[in-house]
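Trainee: Using the hints provided, position chain B relative to the given structure of chain A.
Residue numbers (our numbering), protein chains in the order written: chain A, 1 to 109; chain B, 1 to 117.
Any given hint might turn out to be false.
Stated by the list, open to error - Each computed DSS-like pair below joins lysine-lysine, with the alpha-carbon atoms no more than 27 angstroms apart: (1) B/K14 / B/K41; (2) A/K70 / A/K26; (3) A/K56 / A/K70; (4) B/K20 / A/K96; (5) A/K96 / B/K14; (6) A/K70 / B/K41; (7) A/K70 / A/K96; (8) B/K20 / B/K55; (9) B/K14 / B/K66; (10) B/K14 / B/K64; (11) A/K96 / A/K26; (12) B/K64 / B/K41; (13) B/K66 / B/K41; (14) A/K26 / A/K69; (15) B/K41 / A/K108; (16) B/K41 / A/K26; (17) B/K55 / B/K41; (18) B/K66 / A/K96; (19) A/K69 / A/K96; (20) A/K96 / B/K64; (21) B/K20 / B/K66; (22) A/K26 / A/K56; (23) B/K55 / A/K96; (24) B/K41 / B/K20.
Honestly, the hints are just simulated from the structure, not real lab data.
The lines below spell out each chain.
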Amino acid sequence: SQQGEEDPQALSIQEGENATMNCSYKTSINNLQWYRQNSGRGLVHLILIRSNEREKHSGRLRVTLDTSKKSSSLLITASRAADTASYFCATPYGNKLVFGAGTILRVKS
Amino acid sequence: GAVVSQHPSWVICKSGTSVKIECRSLDFQATTMFWYRQFPKQSLMLMATSNEGSKATYEQGVEKDKFLINHASLTLSTLTVTSAHPEDSSFYICSATDRHWGNSPLHFGNGTRLTVT
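Here chain A stands alone, though its shape is the one from the complex:
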């Protein structure tokens, strides 16, 4: 199965609300990455958090990492309609980067 699993599978919120997505993984990692994919497009890198970091911010994005629980969360604050996309976590696994199942976020205006 996937190295990373995400929940929820889908999330629908109103513009201005916060959105939280969670990712769990199975093996030890040296970093975890979050990507966004707009419909029918490639992926865009959002944040990379290293195993010795617990929290990282980038604009309206906040990522946390708990290596003891093998989990990470992505928080988008003050969401906008343009944040509507699929969000994936990804972790190095062997000789490849494995992506989680993704969370489909819909922000209603």
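Mentor: This is chain B only, laid out in the frame that chain A set:
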């Protein structure tokens, strides 16, 4: 910086024909490129890893004779779907990196929507 161009963005072909998809790194040298396949509303499935000047490494279950990958230069990798069939219809995405991929972000192309009729 770090732009990856993928072409074509969509293609329709007839069953039995071959289709070539190009992936170019425009402003950096891509030592490693990855090819993924994505089904609707699903995650990315890694098909193969290609390193410049060497043979691609295919994931288990991916037919290397059907999905030919060539990484002849540091800025170009191609994926050729040979003798395409309707079940090959999918969204194909490439990504590239100029560093040790495990510790740095991947840069993605915009994907190619392949429809086999």
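Trainee: Would you mind marking each hint as holding or not holding in the structure?
Mentor: Structure-based check of all given hints:
no., hint, result
1, B/K14 / B/K41, "25 angstroms, holds"
2, A/K70 / A/K26, "7 angstroms, holds"
3, A/K56 / A/K70, "16 angstroms, holds"
4, B/K20 / A/K96, "24 angstroms, holds"
5, A/K96 / B/K14, "33 angstroms, violated"
6, A/K70 / B/K41, "25 angstroms, holds"
7, A/K70 / A/K96, "18 angstroms, holds"
8, B/K20 / B/K55, "17 angstroms, holds"
9, B/K14 / B/K66, "16 angstroms, holds"
10, B/K14 / B/K64, "21 angstroms, holds"
11, A/K96 / A/K26, "15 angstroms, holds"
12, B/K64 / B/K41, "25 angstroms, holds"
13, B/K66 / B/K41, "24 angstroms, holds"
14, A/K26 / A/K69, "10 angstroms, holds"
15, B/K41 / A/K108, "19 angstroms, holds"
16, B/K41 / A/K26, "23 angstroms, holds"
17, B/K55 / B/K41, "31 angstroms, violated"
18, B/K66 / A/K96, "21 angstroms, holds"
19, A/K69 / A/K96, "22 angstroms, holds"
20, A/K96 / B/K64, "18 angstroms, holds"
21, B/K20 / B/K66, "12 angstroms, holds"
22, A/K26 / A/K56, "21 angstroms, holds"
23, B/K55 / A/K96, "16 angstroms, holds"
24, B/K41 / B/K20, "24 angstroms, holds"
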